[in-house]
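Residue 1 is where the sequence shown starts when you use this note's numbering, and the numbers rise one by one after that.
Since the hints were derived computationally from the structure, they do not count as laboratory data. Cβ atoms here follow ideal geometry from the backbone N, Cα and C, with glycine treated the same way. One or more hints might be untrue.
[Said to hold, decoys possible] Simulated DEER-style distance windows between Cβ atoms: (1) R7 x E37: 18 to 24 angstroms; (2) A38 x R17: 14 to 20 angstroms; (3) L46 x T14: 27 to 33 angstroms; (4) L29 x R7: 28 to 34 angstroms; (5) I48 x Q15: 27 to 33 angstroms; (6) I41 x H13: 17 to 23 angstroms; (7) L46 x R7: 19 to 25 angstroms; (8) P12 x S45: 16 to 22 angstroms; (9) T14 x S35: 27 to 33 angstroms; (10) R7 x A39: 32 to 38 angstroms; (11) A10 x I48: 30 to 36 angstroms; (12) L46 x T11: 16 to 22 angstroms; (13) V34 x H13: 31 to 37 angstroms.
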Amino acid sequence: MPSIFTRSLATPHTQDRLVYATPDQPTMLQSLSVSPEAAFITGVSLKIDGGLAA
């Protein structure tokens, strides 16, 4: 299932918190970026259809 979790290095991964998921869209690709000054986080979801471009 495509999903995004928050993560703290001071805690075990079992305490990670789910913040976004698309269980009904198994071919979605999730990506996050942090701005250079670490003030913003942006996210992108892409639907992957499994085909290859010729």
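Under the constraints set out in the numbered hints, which ones does this structure not fulfil? 4, 8, 10, 12 and 13
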